[in-house]
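J.: Here are the chains, one letter per residue:
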Amino acid sequence: MPNQDNALDRRDLIKKGLHGLALLVTGGVSGFLAERSQANSYHWQIDPSKCIACGNCATYCVLEESAVKCVNTYAMCGYCNLCTAFFEPAPKSLNTGAENQLCPTGAILRTFIEEPYYEYKIDESLCIACGKCVKGCKEFGNGSLYLQVRHDRCVNCNQCAIAVACPTQALTRVHRDQPYLLKGMDNKA
Amino acid sequence: MTEFASVLQRVALIASDIQRFPPPDFESDYTMPLPATPAPRAPWLGGVDVIVLFAALSVGVYLVHKKRSRLSVFLLMVFSLIYFGFYRLGCVCAIGSIQNVSLAIANPSYAIPLTVVAFFLLPLVFTLFFGRVFCAGVCPLGAMQDLMLIKPISIPVWLQQALGLLAYLYLGAAVLFAAMGSAFIICEYDPFVAFFRLNGNPNIIILGVSLLIIGLFVGRPYCRFLCPYGVILHHFSRLSHWRVTITPQDCHQCQICEEACPFGAILPPTGEQNGQHWAPDKKRLIPALILTPILIAFCGWVFSMAGSSFSKMDYTVHLAERIVLEDTGQADGTTDASKAFRDSGQPGETLIQDAQNIMDRYVMAGWILGAFFGLVLSGKMIRLCLPDRRDDYEADRGDCLACARCFSYCPQELKRRRISRTAPVTAGSEAAVES
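Just so you know, the protein sequences line up as chains C and V, in that order. Position one of the first sequence corresponds to residue 1 (my numbering), numbered consecutively onward. Position one of the second sequence corresponds to residue 1001 (my numbering), numbered consecutively onward.
Incorrect hints may appear among the rest.
To be verified - 30 Å max Cα-Cα, derived BS3-like pairs, lysine-lysine:
| id | chain 1 | residue 1 | chain 2 | residue 2 |
| --- | --- | --- | --- | --- |
| 1 | V | 1312 | V | 1339 |
| 2 | C | 15 | V | 1282 |
| 3 | V | 1067 | C | 15 |
| 4 | C | 15 | V | 1380 |
| 5 | V | 1151 | C | 50 |
| 6 | V | 1067 | C | 16 |
No lab work stands behind these hints: they were computed from the structure.
All chains, full assembly: derive it from the sequences and hints.
T.: If you want it as structure tokens, here you go:
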């Protein structure tokens, strides 16, 4: 059956042609992507100017313990005795008693420096990124406390689950050489 | 450009932050600490991921094409599940890389990381030469489902084909939303990644568990009916240079392999029909060809109608809608997003105008997505009218996931293994294998 053989040859030829075409397309796409690509990777970070400390960071991260933690830019901190990030509104007394603290996990360490100043340091192992202190500091203090993705914890998902849930699109992709958006700082690594 | 904008924002921010309490002048020798900035994962580890991917693909090719051993493919699959799944927590993955590629093509300011490019391209190139070895032993999502497959049932061809169309829709939608910069839906609705992380959105976990339960009986439901990357691999695999061969020698047409395949990917011989079956079925082909432009236009129209609903995936559109609802009194109170927007003092008109522009672009994108889907539908129809010729039982090049299950079911293959394992085969044992 010569007819059939012809048909077979033709099919084979078409298939080979398409195979070559697919290779070409893949090559073209790789060339295009290579031009647009860079070795530098993207990482998720919170833009503190957009963050409203809604608390989503605490619950939406794919990690059981959120990769977001609170950060203090000490240069902006007032070292207040009555810190509105540390104390409940109208605290019974200005000491580290649990009933006075705003932080649900007691993650802020209050250390006396000199009269009348106190240092406030975040214990990252306890911080759950609920943003209560951030709100307190922003509304009544200097706004030196804010939330940041900690890159030693973040697994850098292709689509950050917190970014999806963020009401103000405060989570953006930043470059590896500038992985933090710290307040009042030159953020170049 | 965006960097410049973010610098501007930060300058504005520092100005807007009210220094209610001036930073103290310490008299003691206290020095202010700097906030710790732990570095991200070292970039060379991304290179390790690519090397592992390449090695796993190469080993997969050897196991499927040379060693022809299901057990080895199974072990490779378990390794990939542990490495790419539980160790790397499902990121970066080839399936999700489609979105990064779409975004990179649509938006020149997005520089796609090289690791992601490698994860997108390597499986494609391997598939173009060796078939879907990636699906067989390297993809952690496939491995997850394959491990659950306990009692496979075969589903009717029409249902398999119809469900297969879902993957095209998913692919189209994923490319669309990623290119528009609105969402990465493949990642957002990844049903199995929550298992790798042992944590996740409850709705997605329910979806994942349901898929795994279905997967007890229907082989790899996500891979066959939803996976957007699988669509691309399907077509690349059909053009592959070397195909997965079921039998090492002549096929005896015993049909055992067809029964053994849990994915309905092995097709029976077409049989001779006096050479007739080489001619396309003109009675059906001509209407199908005529219907093609109609189908494309119709689907395009339907999807463009749905374009404004798609646009709700976009943040700006979603927010603008909420603002309008609140302004017109149709919604009570505020959401976090709308409150933050109002507090920012930006004009509502600009937002609504932006949202309107995005919606218009979505209507346009709906036309494109619909036309693509119409093309897929008519392509399937035309394919049905074209002749197929198989003299033996063969794995469908596109559907075959190269899982290597069928090999050990083939009597010819068993014979080959026995020959390679022991000394000359006696006539008796050969007959026993053949019977």
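J.: Against each hint, give a clear statement of whether it holds in the structure.
T.: Outcome of the hint check:
no.	hint	result
1	V/1312 x V/1339	19 Å, holds
2	C/15 x V/1282	22 Å, holds
3	V/1067 x C/15	27 Å, holds
4	C/15 x V/1380	18 Å, holds
5	V/1151 x C/50	52 Å, violated
6	V/1067 x C/16	26 Å, holds
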